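Undergrad: Chain by chain, the residues run as shown.
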Amino acid sequence: MASVVPPPSGPPAVPRGRPVALPVTLLGGYLGAGKTTLLNRLLATTTRRVAVVVNDVGAIGVDAALVADHDGATLTLTNGCICCSIVDDLATTLDELRSLTSDAPPELVVVELSGVGEPARVAPHVLAARCRLDGVVVVADAEAIEELAGRRYVGDTVRSQLAAADLVVLSKTDLVADGGAAARAFVVATAGPRGDGREVVVVDGSQVDPGTLLGVTTATRPATPARPATRDAPGGVVPPHVVPPNVVPPHVVPPHVVPPHVVPPHVVPPHVVSVLDVGGLDRAALLAALDTLPADTARAKGLVRCAGEDDPVEVHVVGRRREVRSRPDLAAWTTDDRLVVIGAPVRPTP
Amino acid sequence: MGEGVTVFTARRVVTLDPAIPTCEAVAVRDGRILGVGTVDELRSARGPMRVDDRFADAVVLPGFVEAHSHSFEGAIWAWEYAGFFPRRGPDGELRPGCRSLDELLALLRRLDAELSDPTESLMVWGFDPIYFQGERLAAAHLDTVSTTRPICVLHASLHLVTVNTALMVREGFADAAPMDGVPTDGSGRPLGELQEAAMSLARAELRAVTRATRDAAAVRRFAEMARVVGCTTVTELGAAPINRDSDVELWTSTASAEGFPARLVPLFNPARGFGGTAVEAAAWAAELRTRSTDKIRFGPVKLVLDGSIQGYTARLNPPGYLPLPDGTPRGNGLWLLPPEQLREWFHAFHRAHVTVHTHVNGDEATDLLLDTVEEVLAEHSWLDHRHTAQHSQLTTAHQYRRMAALGMCANIFSNHIFHWGDQHHDLTVGPDRAARMDACATADREGVRYSVHSDASVTPLGSLHTMWCAVNRVTATGRVLGPNERIPVDRALRAVTIDAAHQLRLDHLLGSIEAGKLADLVALGDDPREVDPMSIRDLEVRGTVVGGEPTGG
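Protein sequences appear in the order of chains S and L. Taking UniProt numbering, I'd label the letters of the first sequence as residues 1 to 350. Taking UniProt numbering, I'd label the letters of the second sequence as residues 1 to 553.
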């Protein structure tokens, strides 16, 4: 009877003695509020390295269908808990993301929650992954939020989302006669005071530069002394619109998830976290699948099983360099049947 | 005539067929039941046949069907068991369990000595100190086993682990707790307990556990566990991903091995990373039906609506959970799907005539499910849909009346009464609602066909134990919780055989011993209908037969 846990694959994501503080923004809001629209706008305009984690539990076929094409250009969460918790796998996902991007870590991770995801319940799992909770952004539909917050079954969930927000983005303000004034007042009253006693910050989604939503905590909560400053905003009062974008080295481009059909033609998403399904392939088919990766793939990595081979196979793609080799010494390790690819969208496997 | 016919003789055969409730022998041919009766009757009708009398002193029943379990029950046995109660493993061997801290440490020392690499981590599971006197397990205890090897003790509740200092050093938090859920001593040093979300701080160990179900060995052990407890069909109710051909292959190729000892029913759950639209999910579910093999039966699908009652994450109607001990009200639980998403999936599956099993622990979740089923039935008529409320723990009499009107089934989590009944009585919902939880008798009164289940490995796999729970409703501390919801033994027997098969859409093949059905049998030491109801769970499982073949050699 084996009682041995295989060692963790990849480099340790939490090196001893070095504080790790990958900042994570939780993006919440009820189904249809406009989370994905906001995310796509953000990704299409940001100059920063942003990694996106899409929680497709409960929103598959809706959010995920908008975010990813069918071969799955997303790094998705799965609900791995046998005791019914939605978020148990988030820590693992963040862990994997970090080890996959250890060469060039993202500046920020955005976790898009499902329509009924409650940021307050998800936040501990961010901390458990040894990441820093950078902020909670909740999108609210100006036309629907008041009705939703009183609706049977989900009203308390919607109110809990607002209560956990550091910043609320009002969407669809062009559809309401008062430009969202009533919705804003409702959101402020429903969310209640923040920890520092102030009212929640509400911005108009049609006006705000989505890039300024990153680092939201320091940008919008300057009076909270307990919050550490981020690299963008060193404490103090910094209005969201003056947070400067970082200078990005030309070869390091933001990983993100944008379905090709919603990207404006002039904006090419240069760096995408995607997933290549290699389950059940033999060595030749695996190599053929790797051939489908675009030439500008930055990195792909994984330990997989090939049909007809006893030992696990390690795959490393770095730029145009490719290594595929048997690892009998890792026979006891847990393997994947998907490769996570940092690069451009993956075409369907053959 | 008679070529290849075997007749199993028994002290008694309990058929679960009301037309011929008992008989003496079962004839089988080509994996199917050829007939029942006496050996003479069978021979005069069918000619010569080979007598197999290995169960001649046993009572033979239809093999048990566990309609809500998870293959994690097989996966977790990759590690050693450290629970309080003795438990039989997939190899059939009885583990004595750990009834004290010293016994746990002795087990760990033995396992430690078996490992050569001093940095390799060591994990055990099922630790259940609720009945222990004295000290609470801490890193300091585990450090007496090893100061170099990371050690992780997974508690039975699955909401807590205890780790040693070597593990905390590896993860860089031995000197300071990095988050809530990590209790510390007076000086701020973590004590070694990692609660809830903080469990993930034991990264490698937790990751290995959550991934263990993707392993063919786990599938094999799951079937072995089923054999040991007398189940001939067990379900994987939507926890393992079944999204791609390679997922299907894991199940079908593993189960195609000669003598694979049980049938498995894996349910597709689109929330486990499928990634397509609702219509695509329904098409995949329909496609899966065509991939079934003799031992792997695809068909129904699984959705999850809310959390668990003991975790305070199930969705409850007013008056909700009991307040905290200091009087602070508790909030409601959480939804895992927005109602719109449930409706979209349900419509698509229902239109494709795919039976949907929906996890509903709380009564508010049950309401949402009933509203949804009512809506899809109004939109598309399918009378024999068998949509099933899974767990159905707080479902009330009026909800059972609605379920009956809508033609739904229930699968009731009877094991909860034993395993968490005292907590429900004292902490979660209080004595009155605890007394009508898992209300099998109400389901009977209101005309809903139901099964009862273990949700293994949340509670141990074993239909005799589950029957015992439904029949006696005795809690871990010996309290009878809700005596008016107890059901008779023969009713419980139906719940773990024919009615379980019915909600899996397999009752034409399984669940009773009748000519033409698959020859899946279990042999017990005695007739559960005739023993003291309190000893049902102690009945000996002498063996099982799957497709006419005795399992386990």
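Calculated directly from the structure, the hints in this document are not laboratory data. It is possible that some hints are incorrect.
Ranges of calculated distance between the beta carbons of each label pair, as one might list FRET restraints [stated by the list, open to error]: (1) 378/L x 178/S: 35 to 45 Å; (2) 185/L x 102/S: 15 to 25 Å; (3) 189/L x 174/S: 50 to 60 Å; (4) 285/S x 4/L: 55 to 65 Å; (5) 253/L x 150/S: 50 to 60 Å; (6) 249/L x 287/S: 16 to 26 Å; (7) 308/S x 283/L: 27 to 37 Å; (8) 53/L x 285/S: 50 to 60 Å; (9) 328/S x 114/L: 43 to 53 Å.
All figures in this text were calculated on a predicted structure; none of them were measured in a lab. Think of the CB as a built atom: it goes at the ideal place given N, C-alpha and C, for glycine as much as any other residue.
Undergrad: With 35 to 45 Å as the target window, see if residue 378/L and residue 178/S comply at their CB atoms.
TA: Cβ of residue 378/L to Cβ of residue 178/S: about 38 Å, so the range 35 to 45 Å holds.
Undergrad: Per the hint of 50 to 60 Å, is the separation of the Cβ atoms of residue 53/L and residue 285/S within bounds?
TA: Hint holds: Cβ distance 52 Å, inside 50 to 60 Å.
Undergrad: At the C-beta level, are residue 285/S and residue 4/L separated by a distance inside 55 to 65 Å?
TA: violated, 42 Å
Undergrad: Given the hint of 50 to 60 Å, is the C-beta distance from residue 189/L to residue 174/S inside that range or not?
TA: This hint holds: roughly 55 Å between Cβ atoms.
Undergrad: Holds or violated: 16 to 26 Å for the Cβ distance of residue 249/L and residue 287/S?
TA: holds, 20 Å
Undergrad: Assuming the hint says 50 to 60 Å, is it satisfied by the Cβ distance from residue 253/L to residue 150/S or not?
TA: Because 52 Å falls inside the window, the suggested range holds.
Undergrad: Just tell me: holds or violated, for the beta carbon distance of residue 328/S and residue 114/L against 43 to 53 Å?
TA: Since residue 328/S and residue 114/L have Cβ atoms about 22 Å apart, the given range 43 to 53 Å is violated.
Undergrad: Is the gap between the beta carbons of residue 308/S and residue 283/L within 27 to 37 Å?
TA: holds, 30 Å
Undergrad: Confirm or reject the claim that residue 185/L and residue 102/S have a C-beta distance inside 15 to 25 Å.
TA: violated, 34 Å
Comparing the model with each numbered hint stated earlier shows that hints 2, 4, 9 do not hold.
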